[in-house]
Amino acid sequence: MTPFLVWSATAVAVLVALAGLASTLARRRIGLLHLAGAAVLEVLLVVQAVVAGAALAGGQRPPETATFVGYLAGVVLLPVAGVLWSRTEPSRWAGTVLAVASLVTAVMVWRLVQLWEAPGA
Amino acid sequence: MPEPAGTRPGGTAAGPGRVLVAVYAVFALAAGARAAVQLATRFDEAPVAYLLSALAAVVYVVATVGLARGGRGGRRTALVACSVELAGVLVVGTLSLLDPAAFPDETVWSAFGRGYGFVPLVLPVLGLLWLRHQAEVAAGQEAAGEEAAGEEAAGTAPEDGPGRA
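In order, the protein sequence lines correspond to chains A and B. Reading the first sequence from the start, the letters are residues 1 to 121 in the UniProt record's numbering. Reading the second sequence from the start, the letters are residues 1 to 165 in the UniProt record's numbering.
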């Protein structure tokens with residue numbers, strides 16, 4: 001869990017969430033900006049999953065390995081699910097759907113950090 | 001892209017409802033995964049708390065499905081699930097504060113969902129309000145439909161009325 005990846009993923013997730021909420025407030029649908037932001041977030045998460053996977057393969061084990069792997073896999077799917085679910089919404093609420101997915105992603109990233117740094121490893 | 005006017009589909013999974021379904025789906029997954037891990041790895045430590053986690057997960061799954069499907073049946077399913085959810089978070093939240101020894105490990109509903117930013121406490125209220133609104137919309141549409149059908153039978157229906165292809 002490198003601090004750079006964690007912080008940049010958090011920052012991008014918050015930006016996507018703000019852009020989503022802004023489009024809801026402006027009564028607009030989501031646009032290219034939102035999709036690009038979600039794509040950047042997804043790339044960061046995939047890189048993080050590879051880094052963490054390599055560390056796991058290298059013998060590092062967080063105390064709750066099963067939970068950690070579950071979060072690691074789940075967090076990669078979240079932005080994709082958020083984009084798909086918001087793309088099927090033709091109204092301004094699409095942005096809020098994407099914002100929810102992004103914020104949950106940010107929370108899950110920090111939960112991953114917690115699990116990784118938990119004592120007893 | 002501006003929001004297209006007048007093309008918004010109704011139903012429990014459209015508009016704000018889509019946000020609600022998204023949040024419910026997240027909680028269904030979170031509670032389900034948590035319960036699965038707890039039950040599989042350390043059931044003996046706190047069976048009551050872990051079974052409650054599993055119950056919460058089931059309630060969230062049912063509510064998600066009910067809201068996503070919509071219609072009369074979906075609304076009824078979601079209504080039951082949201083009611084159970086509200087009762088659950090209130091009862092478990094109160095008990096977990098009064099008698100912490102009975103809940104040695106956290107559940108989604110412990111301390112009114114404090115571990116999840118109190119979203120578990122707010123979510124069923126929003127769900128019930130949304131379902132009430134949707135029931136009113138559906139009742140309004142039904143009444144309008146009957147009215148239009150009556151007018152049509154009397155030969156006075158407007159050209160663009162519902163039921164005319």
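Worth flagging that the hints you see were computed from the coordinates, not collected in a lab. Be aware that one or more of the hints could be misleading.
Per label pair, the in silico range of CB-to-CB distance [said to hold, decoys possible]:
#1 A/111 - B/144: 43 to 49 Å
#2 A/39 - B/98: 44 to 50 Å
#3 A/36 - B/119: 40 to 46 Å
#4 A/60 - B/90: 22 to 28 Å
Counterexamples of contact, computed for chain B against chain A with all Cβ distances above 12 Å [claimed, not checked]:
#5 14
#6 34
#7 90
#8 101
#9 147
Note that the coordinates shown come from a computational prediction; the quantities given were computed from them, not determined experimentally. Glycine included, C-beta positions come from ideal geometry on N, C-alpha and C.
Here is what the structure says about each hint:
1. For the pair residue 111 of chain A and residue 144 of chain B, the supplied restraint of 43 to 49 Å holds, since their beta-carbon distance comes to about 48 Å.
2. For the hinted restraint 44 to 50 Å between residue 39 of chain A and residue 98 of chain B, the CB-CB distance of approximately 48 Å keeps it satisfied.
3. A beta carbon spacing of about 28 Å between residue 36 of chain A and residue 119 of chain B contradicts the range 40 to 46 Å that was offered as a hint.
4. One distance hint, 22 to 28 Å for the beta-carbon pair residue 60 of chain A and residue 90 of chain B, is violated here, with the actual separation near 42 Å.
5. Its beta-carbon lying about 7 Å from the closest one in chain A, residue 14 of chain B breaks the requirement of being farther than 12 Å from that chain.
6. Residue 34 of chain B, annotated as away from the interface, has a beta carbon of chain A within 12 Å; the closest lies near 8 Å.
7. Every CB of chain A lies more than 12 Å from the CB of residue 90 of chain B, the least distance being 24 Å, so the non-interface label holds.
8. At roughly 23 Å, the least C-beta separation between residue 101 of chain B and chain A is larger than 12 Å, which holds for a residue marked as non-interface.
9. Non-interface status of residue 147 of chain B relative to chain A is upheld: no Cβ of that chain comes within 12 Å, the nearest being about 27 Å off.
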